[in-house]
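S.K.: Protein chains in written order, with the working numbering: chain W, 1 to 141; chain Y, 1 to 141.
Bear in mind the hints are in silico, worked out from the structure with no lab data behind them.
The reader is advised that the hints may include incorrect statements.
In this list, chains with the same sequence are indistinguishable; a pair is considered to hold if it fits within one copy or across any two.
Using 20 Å as the maximum straight-line C-alpha spacing, the simulated DMTMM-like pairs for lysine to aspartate or glutamate come out as follows [what the hints assert, rightly or not]: (1) K33 / E11; (2) K115 / D89; (3) K33 / D55; (4) K115 / D138.
Number of protein chains: 2
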Amino acid sequence: MHSILHRVVIEASPEALYQAVAEQSGVAAWWSKCEIANEQLSVFFGPSDDEMRVDFAILSAQPNEELSWQCSAGPWQEKGAFVFTISADERGSCLHFAHHGWEETDDFYQHCNAKWGFFLLSLKQYLETGAGMPHPNDPNI
Amino acid sequence: MHSILHRVVIEASPEALYQAVAEQSGVAAWWSKCEIANEQLSVFFGPSDDEMRVDFAILSAQPNEELSWQCSAGPWQEKGAFVFTISADERGSCLHFAHHGWEETDDFYQHCNAKWGFFLLSLKQYLETGAGMPHPNDPNI
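Isolated chain W, as found in the complex (with noise of 0.2 Å):
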């Protein structure tokens, strides 16, 4: 199995890197419009809410530390979990993103990958200056 992961030191501290991955005005301002309750996460990619809705079950939420979402319904139900952890840094808090269980390094992989490349340094400008580019401001790849 292999994994998508990222590393990256964001001038905040982890309590407001916490905040961005684990509510709903923070996701939706670096990633995409969603919807936070009842342990699921919803976020919604395209031009009207119908087009491409992916679902997210809240595995695990230790604030300030660690938070894990499951795909429930959507592109990666298949694949494995998103864990953002955080940590304190010299600089603010330090964020390393895996997303697990994919059994082929394959062309969804490679994309994937490049886009939370994007998404991770949209959180982080989110963060620094207050604007992220979230959905539909990422590039079409």
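Chain Y: place on chain W using the hints.
M.R.: Chain Y only, in chain W's frame:
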């Protein structure tokens, strides 16, 4: 062994994409100041030329199809080859980027994976708009 693997579709011809990764003026426009001569690529990072010079041997060069480098002096000299594989795509061209030969998916792997996410978008932006985001415009992650 592990690899850093990204797939990016770029709205430019395979010929233009190959030039952007194989020629000095191309690499300087999306990655960093560099020199290409005698089958060697030297890239300069940092405020002055002496700050961090990284040398790569050009292992293979198949115009408009594939280019590969081996770091010969610098932080990746114990790792494997960097390979840019280019194919035609209905929107222009498709780049598969690989950096092979990582024994572990450690912090340095994860940092470099995130950095390549940025620089490959810089390459795409350079080819599609004429303006890349070469070092020192890269985010301090």
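S.K.: State for each hint whether it applies.
M.R.: Taking the hints in turn, this is what the structure says about them:
{"no.": "1", "hint": "K33 / E11", "verdict": "neither (24 Å within a copy, 27 Å between copies)"}
{"no.": "2", "hint": "K115 / D89", "verdict": "between (25 Å within a copy, 18 Å between copies)"}
{"no.": "3", "hint": "K33 / D55", "verdict": "within (12 Å within a copy, 43 Å between copies)"}
{"no.": "4", "hint": "K115 / D138", "verdict": "both (8 Å within a copy, 17 Å between copies)"}
Of the hints listed earlier, the one the structure fails to meet is number 1.
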